[in-house]
Every structure is written in structure tokens, then in C-alpha cells.
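Participant: For reference, the chains in residue letters:
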Amino acid sequence: MEAKKKFNAQNLWSGILLGIGFVSFIDEVVFHQLLRWHHFYDRSTTAAGIVSDGLFHAFSWFATAGAFFLFADLRRRQAFERTRWLSGFLLGAGGFQLYDGIVQHKIMRIHQIRYDVNLLPYDITWNFIAAALLITGIYMIRKRPANEGKACR
Amino acid sequence: MPMNIFLAVHSASLIEISWTILFCAVIAAYVLAVFRSNRTYKPWPMRRTLCWIAGMACALAAVVGPIAQRGHEDFVYHMVGHLLLGMLAPLLLVLAAPMTLVFRTLPVKQARTLASLLRKSRYVRFVSHPITASFLNIGGLWLLYRTPLFHLMHAHDMLYCIVHIHVFMAGYLFAASMIYIDPTPHRYRFLHRAVVFLFALAGHGILSKLIYASPPAGVDPVQAKTGAMLMYYGGDLIDFVIILILFYGWYQHKRPSVSALRASSQSQQS
Chain V
0 MEAKKKFNAQ
10 NLWSGILLGI
20 GFVSFIDEVV
30 FHQLLRWHHF
40 YDRSTTAAGI
50 VSDGLFHAFS
60 WFATAGAFFL
70 FADLRRRQAF
80 ERTRWLSGFL
90 LGAGGFQLYD
100 GIVQHKIMRI
110 HQIRYDVNLL
120 PYDITWNFIA
130 AALLITGIYM
140 IRKRPANEGK
150 ACR
Chain H
0 MPMNIFLAVH
10 SASLIEISWT
20 ILFCAVIAAY
30 VLAVFRSNRT
40 YKPWPMRRTL
50 CWIAGMACAL
60 AAVVGPIAQR
70 GHEDFVYHMV
80 GHLLLGMLAP
90 LLLVLAAPMT
100 LVFRTLPVKQ
110 ARTLASLLRK
120 SRYVRFVSHP
130 ITASFLNIGG
140 LWLLYRTPLF
150 HLMHAHDMLY
160 CIVHIHVFMA
170 GYLFAASMIY
180 IDPTPHRYRF
190 LHRAVVFLFA
200 LAGHGILSKL
210 IYASPPAGVD
220 PVQAKTGAML
230 MYYGGDLIDF
240 VIILILFYGW
250 YQHKRPSVSA
260 LRASSQSQQS
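Residue numbers (numbering that gives the first Met the number 0), protein chains in the order written: chain V, 0 to 152; chain H, 0 to 269.
Chain V with its partners taken away, still in its complex shape (with noise of 0.2 Å):
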């Protein structure tokens, strides 16, 4: 039981990087080099701002290779959890973009979502968005306590 126990954090915790992985990814990819929405620097951004981001960034990193490494160990110990590890995936989602939208974005002001148009309206789908990810990953590991029933597989 014990075992148990410590393979769902783990399912999770995979899940959790992987979701702020897989959100520095997309910011990076589409809002910074294909779009080129947002901006390596802004002159607004504040110390904190630069320090944020860039924990963050090295972070995002991290977080990438930890999640996939965590998940090959669970796979060879038979221990993968496909719902745990989706809710984990949506609470690290939507809770690093709800960082970024509010925090980073508006308090420290690294970069605004884009220049030279209404902001309004981005920043309520960027917010939305992250809430509903993080909601539907509360939702969901509500649905399945931590030590119900057995793995999916």
C-alpha cells in the first residue's frame, strides 16, 4: 500500500511537470517565435520580473526532461496511471499559465500578451483558459481519490 501511495505522487508529479513543460513550450514556440506576440524584453519589466522568468524558464527545462524520466519509471515498474497522470497534467498546465497570465504578465510585467492592439480581450482568453484547464484537473483527481481502485493497466 505504502508502494501504491508513492506511485501516485508520482503519476502526478510527471503529470505536473510535463504540463509546465508542455505551456513554456507552446509560449515559446507560438507566442514567441512564430507569432512574435510576445517579446524577449519589455522595457516595463521589473528585477523580479527578470528574476521570475528566468527561474521559470530554467525550470520549464527541468520540469520537461524530470516529467519524462519520471514517466519511463513508471512504465518499467508498471506503475502508470493515465487519469492521475492527465489531471496532473492539466493542474501543471493550467496553474503555470495562470501564473504567467496574471502574475508574470500583469504584477511584474515581463511582456504583455501582444503590443499595439486592445489587451483586454487576450488576457481574458489567456486567464480563461488557464482556469479551465486547472478546474477540469481539480475535477478530475476529485473524481478518482488517491487511493481508490487500481492502475488503468
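Hints listed in this document are in silico derivations from the structure and should not be mistaken for laboratory results. Do not rely on the hints blindly, as some may be mistaken.
Claimed, not checked - Okay, the calculated bits of chain H under chain V, using three or more residues with CB under 8 Å as the criterion:
(1) 191-202
(2) 234-240
(3) 246-252
Stated by the list, open to error - Lysine-lysine pairs mimicking DSBU-like chemistry, simulated, CA-CA at most 35 Å apart:
(4) H:Lys253 x V:Lys4
(5) V:Lys142 x V:Lys5
(6) H:Lys41 x H:Lys108
(7) H:Lys119 x H:Lys108
(8) V:Lys105 x V:Lys142
(9) H:Lys253 x V:Lys5
(10) V:Lys142 x V:Lys4
(11) H:Lys253 x V:Lys142
(12) V:Lys105 x H:Lys224
(13) H:Lys41 x H:Lys253
(14) H:Lys119 x H:Lys41
(15) H:Lys253 x H:Lys119
Backbone N, C-alpha and C fix where the C-beta goes; we use that ideal spot for every residue, glycine too.
Got chain V sorted already, so can you dock chain H onto it with the hints?
Facilitator: Structure of chain H alone, referenced to chain V:
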């Protein structure tokens, strides 16, 4: 007229020739050691020899030739050189496992003496600690780009030399303190190294953004922006390889025993 900090005449020939000879000698020493130790032990993997040659070539390209020369006037080339010398070359050299080769090549008795010297040395213990290595590496870069050192370095050849040797050696120390390819006398837990690495990588990213926002004195702002982004993303790329190797070490270390695997598959069937 604004003072041009890059006026320092690049006294090419002599320094460049000495660097080239030195690097070739180090490559030759490695290859000789491979041949010598292959007579006694099983063949040394070819990829390690290739890593060593590639690593030395990267370091050499940063101090000799077109990249190094243009790096004196152009910050973007300076940054290419920095990535080669301080990040890519050290990673490749660590992957070449030079200490393992030294231990294989030395006679057993001397190898033992060397191992015990390394193990007992408080200096080695201190500088190879992940936190010390991170400060030497990333802290050194903060000094270089956030103080007048960058300006001074281009005015004094000697200082230029010392800074570049430091960047190279600190880069090696840093990579070696994070991924254990060679026998490592003072080892630290995976989580310990991962957390230190996270902060070091963040420090590198933050410094890149600061260079972008306010370039070192005398550097052209347009070049500074390109150079800073190169530092940010290039650093990410090389550090991601280190992260993968770091996690792969964890993955191998956590390998479940055969009996544990059997037990888990039985419990699933029941």
C-alpha cells in the same frame, strides 16, 4: 569621437600559434594514452576520443581564427566564442572521460596515489562542489559582463588571456560537478545537483536578459541584443543536454531490482 574599446591591437601570430600547438599537444596526448591503454584493457570507446577532439576544436575555435578575431569588435561573435569555450567544449570534454583515461594509462601504483590525493585534497573537494563550481562559472560571467572587466579585458592582452582560461576551466568544472562520467571522489545526491543546476541555469538566463536590457559599456546595442539572445537560447540548448544526462543518471540509479519487478507484476495479476 567615442573611445573605441576594441582599439587594442590583436597581436595575432605568436599567441595564436602557441594556443594551436598547445591544443594539438593535448589531443595527441589523449590519443597516445588511448593507444597505450588499449594494449592492457578493452578498447576505449571511439565516441569518447571523438568527443575529446571535438571539444578541443571548439575551444580552439574560440581563441584562434575568425571567430576569435571578429569577437574583438563584434559582440555576437564574442558570444559565439563564449558558448563554444565555456559551454560546448567543456561538455564534450567531460563526455570524453579524461580522468578515466588517465587512471587507465598510469601504472596501478601511481593511479592509486593519484586517486587518494584527489580523494583527500580539501581543495579538490571545495572547487568540485556543485555550488562552488556554479559560482566560479556563472558568477565569473556576472563579473565579466556587469563590471568594467569586459572593457578592461579588451584593452589588456594578459587579462584577455586569463579571463578566457577561467571561462574554459570554470565551464569544465561546472559540467564535471553536475554529470559524473569520470570517477568522482566527492559525490553529491542527484536532487542536490539538480537544484544547484536549476539556479545556475536561471542565473545564466537572467544575466542574458540584463545584457539585452543594458549592454556592457562600449558594446553596440544592436549587437548586444543579438548576442544576449544567443546566450539565452544557446545556453538553454547546451544545458538541456546536461539536464538529460543528469536525469538519465537518476533513471539508471533508480532501476528496480528484478525481484521488485516480479513482485509488482504478481500483485497486478492477483
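Participant: Next step is simple, just say for each hint if it's right about the structure.
Facilitator: Hints versus structure:
For a cut-off of 8 Å, the count of residues in the segment 191-202 of chain H with a CB near a CB of chain V stands at 7, and the three-residue condition holds. For the segment 234-240 of chain H, the stated coverage by chain V holds: 3 residues have a C-beta nearer than 8 Å to a C-beta of that chain, and at least 3 were required. With a threshold of 8 Å between beta carbons, the proposed coverage of the segment 246-252 of chain H by chain V holds, since 4 of its residues qualify and at least three are required. For the given pair, lysine 253 of chain H sits about 17 Å from lysine 4 of chain V by alpha-carbon distance, which is consistent with the 35 Å threshold.
Proposed proximity of lysine 142 of chain V and lysine 5 of chain V is supported: the alpha carbons are some 19 Å apart, at most 35 Å. About 20 Å separates the Cα atoms of lysine 41 of chain H and lysine 108 of chain H, which keeps this hinted pair within 35 Å; it holds. A hinted pair counts as satisfied when its Cα atoms are at most 35 Å apart, and lysine 119 of chain H with lysine 108 of chain H qualifies at roughly 17 Å. Restraint check for lysine 105 of chain V and lysine 142 of chain V: the C-alpha separation of about 33 Å stays at or below 35 Å, so the hint holds.
A hinted pair counts as satisfied when its Cα atoms are at most 35 Å apart, and lysine 253 of chain H with lysine 5 of chain V qualifies at roughly 14 Å. At roughly 17 Å between alpha-carbon atoms, lysine 142 of chain V and lysine 4 of chain V fall within 35 Å of each other, so this suggested pair holds. For the hint pairing lysine 253 of chain H with lysine 142 of chain V, the CA-to-CA distance comes to about 31 Å; that is within 35 Å, so the pair holds. As the CA atoms of lysine 105 of chain V and lysine 224 of chain H are separated by approximately 24 Å, the hinted pair is consistent with the 35 Å bound.
Simply put, lysine 41 of chain H and lysine 253 of chain H have alpha-carbon atoms about 28 Å apart, close enough for the 35 Å limit, and the pair holds. Between the alpha carbons of lysine 119 of chain H and lysine 41 of chain H the distance comes to roughly 29 Å, so the proposed pair stays at or under 35 Å and holds. In summary, the hint linking lysine 253 of chain H to lysine 119 of chain H is supported, as the alpha carbons are separated by about 29 Å, within the 35 Å threshold.
Of the hints listed earlier, there is not a single one the structure fails to meet.
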